[in-house]
Each structure stands twice: as structure tokens, then as C-alpha cells.
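Model the full assembly from the supplied sequences, consistent with the hints where possible.
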Amino acid sequence: MGVPCKICGKLRSKALRDKEFPQKKVLSLVLCVAVMLSVMVMGAGAAFSDQDKIKNTEAVDACVALNIIGGYEDGSYHPERNIKRSEITKMICVALNGGKEPNVSTNTTPTFSDVRGTSAAWAEGYIESCVAQGIISGVGGGRFSPNGNVTGTQLAKMLLVSLGYNANTEEFVGNAWATNVNVRASQKGLYEGLESMDTSAAITRDNAAQMVWNAMNAYEVEYKTTIVTGEDGKLETIVTVQDKVVGDNDDKITLLEDKYDAKAITGTLTKVKQDNGKSTYNITIENAKYNGGTYNGGTVSYTDVSKDYSDLLYQNVRVLVKPDKNGKDAVVYGVYATGKNTVQTGLLADLKMDGTKAKLDGTKYDLANTNTVYVDGVKQSDNIKTWLTTNGEGNATYGKGSEVELLAVDGTSDYSILKVTTFEVKEITYVGSDYVTAGTKYSDDDYVISDGLKKGDYALISKDTNYADGKGRVEKATVVEGKVTSTKGSDEVMIDGTWYTMNTGVTAPKLNASAKLVLVNGYVYAVDTVTAGSSDVALVVEVGNSNTVGSKYYQARLILADGTDKVVNVEKNDGNDEALIDLKSDGKTPDFEKYSNKLAAYDVSKDVYTLTFITTDSSQTDMAGYENFYYTSSATIDGSVRSGSKFNAAAANKEKNDVSRAYFDDNATVFVKYKDDDYKVVTGEAARKWDEITPSMVRMLTEEKSNSQYIGVAYIDLGDKNVPGGSDKTYAVALDDSYTSKIDGTTYTIVKAWNGTEETEYKYEGTLSGGITKGSVFEYSSNGDGTVDIDKLTATTTQVKTYDKGSGEITFADTVTNLTGSNAKIDAKDTTVLFVDSDAATGETNGEIQLAPEFNGDATNHDDNVTVYVDSGDDCITLIVVDVQNKMAW
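Positions in the sequence shown are counted from 1; adding 2 to them yields my numbering.
Keep in mind the hints are simulated off the structure, nothing from the lab.
Only a predicted model underlies this, so the values are computations on that prediction, with no experimental measurement involved.
In silico lysine to any residue, SDA-like type, Cα no more than 20 Å apart, as pairs:
| # | residue 1 | residue 2 |
| --- | --- | --- |
| 1 | K596 | V569 |
| 2 | K590 | S553 |
| 3 | K275 | D310 |
| 4 | K485 | T503 |
| 5 | K554 | N578 |
| 6 | K465 | T423 |
| 7 | K457 | E483 |
| 8 | K273 | G474 |
| 9 | K473 | T424 |
| 10 | K381 | T347 |
| 11 | K86 | W124 |
| 12 | K490 | T503 |
| 13 | K600 | M699 |
| 14 | K648 | T617 |
| 15 | K473 | D378 |
| 16 | K485 | Q622 |
| 17 | K889 | A815 |
| 18 | K387 | Y376 |
| 19 | K807 | T847 |
| 20 | K568 | D679 |
| 21 | K381 | T424 |
Here are the in silico distance ranges between beta carbons for each label pair:
| # | residue 1 | residue 2 | range |
| --- | --- | --- | --- |
| 22 | K490 | N547 | 35 to 45 Å |
| 23 | S635 | E760 | 43 to 53 Å |
| 24 | Q382 | G357 | 20 to 30 Å |
| 25 | V247 | Q382 | 40 to 50 Å |
Here a beta-carbon is modelled for each residue, glycine too, at the ideal position from N, C-alpha and C.
Below is the structure:
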């Protein structure tokens, strides 16, 4: 039963606080208000330029989602501005018409004298409509004051009448109108969240949105008339107000439900994916609730959502939706976070379990009894405790730089969701028009590729399951480059005064090395060692006593990495404070001769050098940041340094057994003694291109990469030899199947092919048995009459298994005819390399030989990536066709 002339039913305040309330009618009102709040309305859900000034974010978001409130042309919302009385009338009229422009009219004689013929004349029809419905009244004296501000109490009265209250019955008129309105508005929850607001003051756009949003979620009311017999036996009429009920089940109804046929459903947003072929999205809500109860079994999905709400994934959200009638026509007005969410963000390196709590950045957080882990958008079978026990602080599978979010979504401090976003980095080896190659092909069909990427950049790659559009991301990674000036433990280095920590499985560069560090959120995911300290290694040509009388130093002739040749003073003790030069057998005379043409690490202070010779007795710390020191007097240099027997190795080498070959890094520093007494410094790239030569001595500092030794610094003695400085065959790859054509009675075989310089059609007089299929390779020579002779070649399409760019040495997954251990290499002079895009059937002028995906981290990908031909008797690979997408498609 209702209470005479009182509102009956539960108050909305607690329900509003709990964010579990029915919603469907106040929104209409709000819509009207919002429409007037700004004439130029921005798109629903738009973020305003002054978003940080909005206090009632949820209310504004909801009203924006329903196109009730918008912003100004400059992108702002101006939450601090007031609303005019004329504007309110239009907003209310539109709201009560379900968000549509109503048909309004004016009276022959206007109700108010200050509207018609004034700047507010545009609103006369809305004003008259609101008067007729009892929603507004004037300010006295026959005036409305259309350009005056609206107070909180005035807006509350309008909203209450819109909910169904009768202004006269409730005494919203007369001297006590404001008191009566405020009491009823408080009971109905219209001031929820605005407890400190002065209701008698002009209301701002920010607070108006909150009041309208509260009203949208409030139940409409109706009056019930009951005739009873009084004590005197006479009939009496009792009028009571109660929440309006509709339908067979006498369901209560909100303003939102009534005017917009919409509901506000709460739950956890667990999926946001772009609809196929559309610019809209589909979403899934779990633990769905409405009116405090489970909604539609607890899980609901909607399609054709106009906005990407991925930023709200796994949070507790409110979905404003018009439910479907036939399973197909649900309309989602908007999705926004409720006030129940608490989110903690950080990196996996800083997250671990501490007893029963998750500890992030040193702070402990309670976990909900039921909790879930999502990694790259995929739900895991483990709960948070189990997952963090295995993967906390990062490991080889989930890197330290992975981004994490801990979410509590039920209004408590118990965290129930862990979201993890992982990354990987790869070097870009080719950039095409719509794809890049970095170990494998990344096409813009499957990835959003950042502009400006180029060969040699490092890409930061994240998985497609993280994003609503189903595309991964390929972005430019952060790279720092410099000299390692300090190290700490095995996984920290300092460059330019900043410490960097290696990700799990990444080997830190050595002290004094010059390196590029590829970073993911500050952690090093890849290291490209430019030089491992070669700038601090010199060739000591000779050393002896100083020519200066009374000098306390030795003198030495040094050749530095930059080619500088000079005589310097050197300390008599080395960097370990031990005697630099051993004495001869007499125990008195320094044995200078044994230190000629030796490599030495050095430091300089006040033009005096402290040398530390690098020998087979050197410790790791004396190798200028390198891992190994070798020497050999029986080497052959032909793209690499190789010997028929293993190199002599330092006892402290990281790798000292069975090493008989080393390759030149492009940037290696190579000290060369030639023509007996001349010296020069060349790069590793230059040394690699020498014709075959046999030096008398090679000393090397190396690093291990891909199970091979790479030279960073070397001394090569060529004795009295000078420094060392093809085939006329031409090859092509068919871009299409050949065809025959008869021209002037002569039959020709014609094939479109790529020769490394141009795509052209080759014309062969006669027919070729079996023709030439797309992707086949052939040798050709011109006959001078527009035709060519063609020899079809038997080649193997296969996968690159290993490849060393420095030496050219390469292996394949399949057997290649005529390929042996001695000729399994790419020769810069004699190997023809043709780059193609086999999927597009085009030739490419640039590219890179890469490991096939199966041998470059994608074990389930067995795509071939090259075609190889070796002519009998050739000492290197004759021809290799390389697909720039790393997948041979023909």
C-alpha cells in the first residue's frame, strides 16, 4: 500500500550507490537537457579536450552514449558552465519524446511576456509544451526568464514531474515548493553523488548530467485512488503515490525503460572484437545483472556496437542497451566503467606472489576467491596464484617487460583479474609496400604496421588477440646505443649513466662493448653488439725502454682501432698491477721482443697508457669485453678464418674446445701487417671479401653467436704479401608459366622472368620440353637477334636452416644437388642472388637472406623460403632465389 500523498517504495540512494538499478526513463529527460547543454554535439562516447575537469564521469559518459549531452565545436565539454532555462525546456521535451525532436506549437496568446519577440523565441514551443505538462512555471509577473540560469532545485522539480509526480498534489508550487521538491528529490535519489551541491545555486553542466542520470535510473510513479469507508460511515477518497507498475507481472519501470525501451545492464566486459567486414564491434558481458538479479543467464553478447571499448576489457561496466525483440536488433547505446573498478598497472618484472597475496611494485593485494588470468586476450586455465607462481617476475616465455593489470571489479579490494600483454622484438630485414619481414612476413592484412619502419630497425610486436580488430601491432622498438661503462652481476649494464636489465635469456654485452639495446618497457629484449670493446684494444708493434733520460715509463709503438700509429709512454705495470714485461733468463733484462705484434687492452691517463696484453694466459676480464681469445699460425682466410686443426685458445675462454673457424663481424677491427713492415686497419667486412690467402699468424678476440665464433678484433700477419684485393653466366627466375607463340611461321617459347635488374619477357626460338613453370630458374644468353638461348636448371626449393652473413656459409633443410660442405656458401662475387615476392610474382631489387620461420622461432611453420642451384664444380652456391616475404609461394 502507498502512503497518502507520499512516495512509496524503497529509496534509490543505496541502489544507486550499489550501481545496481533499473534504468529507462530519466534518460529521456537527460537527453533533452543535454541537447540544450550544447548545440553542437560531438559523437557519442567521445573524449572531450577537458575530460580531466569532469567530475561526474560516469553520468556524463552515459548521457553522451545516449546522445543526450555533447560537446562544443572545439572539442570541449565545459562542465563548469551553467544551463539556461530555455535550454532545459527543449531538453526535457526531447527526452520525453524518446530522444527525438517533438512536434510543438505556440499559443495564440503566449503564456509568458518575455519569450516571443526575444532572442529566446526559438524555445517558445518547448516552453509552452512544458507548461502544459506542469513541468515548469514562470518566475512571476507573467515572465519566464528564458535566459536565466537553472538551479538544482528547479531541475529537480522538472525531473520529478517527468517521473510522474503531480506538482500541485506534491505542493511543488507555492511558498514551500523548494523544500517539498528537495525532500522528494532526495527520497528519489536525484541528488545521489551531489550531496555537497547547493541546490539553490545555478547548476553546472557537470552536475546536471549527474541529476539527469540519477533520474533515468529512478522508477516512474503513478497515483492510486482508493475509496474507503470512514469512521463516520461515509465514503472517503484516498490518493497515494507509488512506483508505477506495468505488464502482467506488475514490473516497476524506469524513465530509461519507458522512453527509450532501454536497460542498463552491469557485468564484466570479457570480449571486444570487430565485426567481420564492418567498422562496428561485438562485445560479451559475463556475470550480467539487471535490477539486482542475473540477466539472461548471466552472459550476453551484442553486435554492431559503434565504438571500440577494448580499454574497458575485464572491468565492471554498465551497458546501455535496447534489448532485442527477435534476437537480431539489439541496440547498444554505450558502454562505460562503473565505480566498482580498481585497477593496478605495472610490469611483470615487478609482480609476484607473496604468500596468498599478489605483490606489485612492493605493494601487496588480496586476491578474490575466484579469479582469472588473461594473457594476450586469451583466458588461461590457471588462476592468478598458480600463474604467478610459475611466471611471476618474468621468464623466457613471458618477458619482464610484459604489461600487467590487476583488477578488482566488484567494489571491494579483492582482485579477481590479471591481464597480461606480452611483446617480442625482431630486426626488420625488408620493408615492402604492404608488409615487413622480420624473421617472418608481417602483412597489413594481419597487422597494423607503423609508418616509417625501415630495414635495420627493430620491431616491437604484439599479438592480434590483444586487439578488437583482430590485428597484431608492429611498431618501432626503443633502442639505446652506447658504450657499456659498468656492469652489475650477469644481467645489468650501464650506458650513458643509466642501468639496464636484461630480459630472461638475453646475454648482457661485456664491459667496454659498444652495443645497441632493444628495450621493452625498459628491459633489454635484444642486444646488438656493435663492438665488444675493440676501440680499447690496440696492436702493440713493439715496446722498449724510454729514450727520455730518467723516465719511469716504457715506450711503445701502438696502432689504434682508428688507424692511428703513434709512440706513447706506457706504465711498467699492466692493468692488473703486475709487471708488464717479463725478464729474460738473466733476471735483469726485459724481454721486449716477445711482446711485438701483440694485442693489448689499454687505458689512458694523462697521456700515459696502461697496457694489458691479451694472451692465452689472459682471464676473461682482460679480454676487453670479449669471450674468447685464439691464435693460429696455420690459417686460411677466404671469407672466414679457418684451420685444419683447432685454434690455440686461452684457458679462460668461454668456448675453447674444437674451434677451428671464426667469422668476421662487419664492424670488426682488423690490424693487418703486410709487405713485412707495413700496417693498416681494415674492417671485418673488407677482410671477408679478400681472395684466399694464407697468413703466417692470426690472433683473434671473438664472441659466440648462433653457435659460431665471430671476430671483433684480429691481428693478421701477411708476411711479405700485399693485402688481397667470375663468372659471365646470367640467370633468371620465371615469374609466370611459359607459353608458345607462332610469329611469322616460327614457334617461340616466351617466359616472363626476373634477372635481378628487370622483369622482362625472354623469347626462345623453338619449344622447350615441358616448358618453364613459374618459379623455375634458368640460365640464358643473348643471341643478338632478340632471342635467347635457355638452359633449364634443376634447382631445389627448400628452407634456410643456418646462415652466416659474414662468411656466407649456409645450410638448408633439404639435400641440394652438388652442394657439399666446402661449397655451401654465398659468395659476394660469384653467387647470383635474386630477390622475389613469389606471392605477387614480382622481382624485388632489395632483400635479405633469412632463416626460414621453422628455424627462427616458429617451429610449426614449415614454409620454404629459397630456391637453390649449384653448378657442378662450383666452389660456392651458383644461384639462390630468395623470397622477401620469407615464404616461397610458387
